[in-house]
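A.B. asks: Sequence:
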Amino acid sequence: MAVLVDVVRIAFLGSMSVFTVQMMQKMGPLQMTIVDLPMNIVYSVVLFGFVAMTLRSVWVMKVHMQRGYSVLERPESTMDDR
240 MAVLVDVVRI AFLGSMSVFT VQMMQKMGPL QMTIVDLPMN IVYSVVLFGF
290 VAMTLRSVWV MKVHMQRGYS VLERPESTMD DR
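Letter by letter, the sequence shown follows residues 240 to 321 of the working numbering.
To be clear, the hints were calculated from the coordinates, so they are not data collected in a lab.
Using N, Cα and C, we set each Cβ at its ideal position, and we do this for glycine too.
There's no promise every hint is true.
What the hints assert, rightly or not - Pair ranges (Cβ atoms, derived):
1. Y308 x L269: 24 to 30 Å
2. V242 x D275: 45 to 51 Å
3. L269 x D320: 31 to 37 Å
4. V310 x V284: 26 to 32 Å
5. A250 x T272: 30 to 36 Å
Given these sequences and hints, build the entire structure.
C.D. replies: This is how it looks when you write it as structure tokens:
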């Protein structure tokens with residue numbers, strides 16, 4: 240079950256990254272309402288966050304696979320346990 244949680248988290252964050260890129264492509268050069276800047280500036284920050292969370296989720300899954308258990312299975316453990 241812990242592996243399923245890791246896989247679903249990676250799939251969700253990866254798909255949100257793809258959807259953010261698709262939305263940025265469709266919006267093109269649309270301007271913000273208040274500030275005269277492209278809206279893609281805001282969405283590029285969001286995209287960076289999604290990509291960073293996806294990469295960290297992949298790293299966490301790798302650590303879980305190397306250890307053989309996750310924090311869900313042993314709540315007293317931390318990421319420093321090897």
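A.B. asks: Hint by hint, note whether the structure agrees.
C.D. replies: Comparing the hints with the structure gives:
The hinted window of 24 to 30 Å between Y308 and L269 is violated, with their beta carbons roughly 47 Å apart. Distance hint for V242 and D275: a CB-CB separation of about 48 Å, consistent with the stated range 45 to 51 Å. Checked against the hint of 31 to 37 Å, the C-beta distance between L269 and D320 comes to roughly 48 Å, which is inconsistent with it. A beta carbon spacing of about 29 Å between V310 and V284 agrees with the range 26 to 32 Å that was offered as a hint.
Look at A250 against T272: about 34 Å separates their beta carbons, and that is inside 30 to 36 Å.
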